[in-house]
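Chemist: Just so you know, the sequences run in chain order A and B.
Its first residue numbered 38, the first sequence is counted upward by one per residue in the numbering used here.
Its first residue numbered 48, the second sequence is counted upward by one per residue in the numbering used here.
Covered stretches of chain B, as calculated for chain A (at least 3 residues, CB under 8 Å):
1) 89-96
2) 127-133
3) 263-270
4) 296-302
5) 307-315
The set of hints was computed from the structure by calculation and includes no laboratory data.
Just so you know, even glycine gets a beta-carbon here, dropped at the ideal spot from N, CA and C.
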Amino acid sequence: MSLNPEYLKEERNQEWRAELRSKTKNKDRILIPRVKMPELAPEIRVKYQDREVNMGLEPEQAQKEATRCMDCANPTCIEGCPVSINIPKFIKYIEGGDILKAAATLKETNALPAVCGRVCPQEKQCESKCFYVDKLGKQSVAIGHLERFAADFERNSGVSNIPEIASPNGIKVATVGSGPSSLSFAGDMVKYGYDVTVFEALHEIGGVLKYGIPEFRLPNSVVDFELENLRKMGVKFETNYIVGRTASFDDLKEEGYKGFFIGSGAGLPRFMEIPGENYNGILSSNEYLTRVNLMGASTSNTDTPVLRGKNVAVVGGGNTAMDSVRTALRLGAERAIIVYRRSEAEMPARIEEVHHAKEEGVEFMTLCNPLEYFADERGRVNRMRLNRMGLGEPDASGRRRPMPIEGSEFELDVNLVVVAVGVSPNPLVPSCLPDLKVTKWGTIVVDEDKMQSSISDMFAGGDIVRGGATVILAMGDGRKAAENMHQFLQKKTVN
Amino acid sequence: MNKILEKEYFSDKVVKLVVENPLIAKSRKPGNFVMLRIGEDGERFPLTIAGADPVKGTITLVVQIMGVSSSKLVALEVGDSITDLVGPLGKPTHIEKIGTILAAGGGVGVAPLLPIVEAFKKAGNRVITVIAARNKDLIILEDEIRKWSDELIVMTDDGSHGRKGLVTVGMEEIIQREKVDECIVIGPAIMMKFASLLTKKYNIPTQASLNSIMVDGTGMCGACRVTVGGKTKFTCVDGPEFDAHQVDFDEMLMRLGGYTQEEKKATEIYSQNL
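Isolated chain A (complex conformation) (with noise of 0.2 Å):
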């Protein structure tokens, strides 16, 4: 479903478009500078662990973004897009002032816009592949915070655009996860027409976007809206419920169910294996950040506690360490530390998180690694010892290797240390399947063009196969998945 030239250059062509192409010149409308966009201020924000940073545009300002796209020709940033989101005609419908028709031409591809706008990394995606940048140089047309402005106004309008969706073919298909991958796959496949359930292990939908982001970078209410929509669309929906433990694959064959997504993600948290690692008061992020997201441990009226800290290091320069050492100082810490082993230029996360970090008080100790951990007397971190990293010649992610210097080792006192530096994937799944091909880290094997795994109706997508990405390269995947297991189905069908 990924868009041809034609298709694109037709949709271009037709007269609201090109009308709007002649109302401003494209020399007017480079002069625009790029929207700013409207944040709740550092020392507010810092107190609440749900109110969101990023505050969303105005209608004037998104429409006076909106003109600064010039609707190129060659509209490279929509190759920036994993999902291929038909971008200067729904921003081009912004600038018409119709927002329900950009929302819904998001929803063409994409089944979670609002949490796209808010979560995928533009800058190194579709804003990279601005004609601004590509060539003038100049920021990018805000395209993010533009997503964003019209999924958002379509949920605030109380009108949901259902997209067209294929009469019923009656054939059960099954996603085993419910993150963004699964999700994707799963808007994408009862388009299709085909009966589509989602299973989820956890008490509730939305993988990551539940458990792992935090609500003042992606509000559950939001993730809920976008369910809502899949729901609608007639996607059904099962919670606790692990596919190969609760039941059998074989076993839900027998259901009637003629193809699987595996989504189920990179689960196991990984740790650095040094000396003390295993006392109290050192967590994955993963669990941290569980506790509080998913479980509601930083309010008082439930159940699930989670452990408080003065002195707070979080290990890791990922959106993960982000998200952690800004929820330790929602609940709290007096200082919270980011320890990353490389310099702040190979950070992956998106630059807007450490942008916000930093405002938000957040210190920052690049080039330091963890040595070893120590503990009072009843087993509570106290103490951590860390050295000084150089950086040498790059290493096989392209980035400069860290190397220890030799005598610089010092000690930082912490009571709580989130571990953040990355996940494998989660052994549940494909270890009911003796069958089913894996990579020695554990990632499920599948033809990159179709995500089809070793097992013919089996396929798999997100973190699972990629071993720890983005929730957009995971919704890419899903589509990817669909497009190629409804022709896996039809030609199993007519045959």
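With chain A's structure known, arrange chain B on it following the hints.
Modeler: Coordinates of chain B only, in the frame set by chain A:
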């Protein structure tokens, strides 16, 4: 789904529940556990499955009142439903014909031991079981365990039932009397530690089923990590049963105390609001 069909008090603090869940009843194996959540504000916590009836579609859980969540579970009556119940989780016990099995259960650990004893017996082993508790009231499932054991020894700390002494006394007596091929121990961490030290002395392969703190129970949080043979393992996906002689029980005991203050405070608030 998850409706409580039967409820029986073994003692003031220990309750047996028979819960409707046909899928888990069919798919569970000895050694598996489930995760539960009581009420929308409840926490997730693990319980090892004590038995199942696939025909009736029920599983049996035995719970000891320890804190808020176990109190909330026990407060449910017949006809009520458990908000969330998911499983079966964890690797099942490896059951085969080995020879003579010595099974040891402490306190409420006797409940998950029951299906394992049954399975070993059905696999053709000679099964000798030692169950132990602080006193007579806390000895549970004695008749059921007896049914699947070639011999049963009951031990109580205070001698109010069976023989006086710790579980290890009964175990050592058997070990000295006859050749034991494998041991399985389930109970409080401290009991498993000493049972493990004993069998290590006699070089008898021993499995222990660990009761670590868990949040999700599916491999995601890492709260249940435990050092086994010098390596960090996750109880939920790598266990819950491990080679007891390789388990760092002191670290496990330390980690079980990781939320003691929070638990104490929560229990106080809960009992005030009752």
